[in-house]
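K.L.:
Protein chains in written order, with this note's numbering: chain F, 1 to 114; chain B, 115 to 225.
Since the hints were derived computationally from the structure, they do not count as laboratory data. Where hints are given, some of them may not hold.
Stated by the list, open to error - Listed next, the in silico DSSO-like pairs over lysine-lysine satisfying Cα-Cα at most 27 Å (straight line):
hint, chain 1, residue 1, chain 2, residue 2
1, B, Lys115, B, Lys182
2, F, Lys71, F, Lys14
3, F, Lys71, B, Lys182
4, B, Lys156, F, Lys71
5, B, Lys156, F, Lys14
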Amino acid sequence: NAGVTQTPKFQVLKTGQSMTLQCAQDMNHNSMYWYRQDPGMGLRLIYYSASEGTTDKGEVPNGYNVSRLNKREFSLRLESAAPSQTSVYFCASRLVGTGWNEQFFGPGTRLTVL
Amino acid sequence: KQEVTQIPAALSVPEGENLVLNCSFTDSAIYNLQWFRQDPGKGLTSLLLIQSSQREQTSGRLNASLDKSSGRSTLYIAASQPGDSATYLCAVRPRANNLFFGTGTRLTVIP
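Can you make the complete structure from the sequences, with help from the hints?
P.N.:
What follows is the structure in structure tokens.
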């Protein structure tokens, strides 16, 4: 049981380049999330997917797109990377519908945009 | 918009000391509150989750309390150890699908 996995772990991009961050979970969770973590800001929600086939904007969605490929996988795409998108990106998942609602996080992707 | 504040931002204590980390939030209409631990360069590990109807949760040396009406939660760590050194994050869920995070308290336990 790997939990939430993310690839890649590290990435350096030049301004204007595109890339996709991958996330997968093997806990049969229905909801998945993408956050970014910046110094002094705390984690902020970029997009989430409440269930397979649905996606919604979070607090800071500009410059990003997402795809809920299936129940296990939720990807985050930067179409034209900007230095302001330098951050650590975390994927998370949760089983909604039970009483517990605990959220589990992946190890993160450290992205630098030059 | 929900605002979550954690004070202090950093804390150093000698090994063996009991300590309390604080979390406050502006909107008391929450579903639950979750405490996480984050080690440098790593992801978040869930420590405790308190439902809005609960007052506290305990796991080993950790005890988290919730006073929803005053918008406060505390994380109590008993008999601290150097391995407890990490950043502790508090997050509240005001609606079904959003977690709002504080900026964390960086704890250092000195041997």
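K.L.:
So which hints don't hold here, by number, going up?
P.N.:
2, 3
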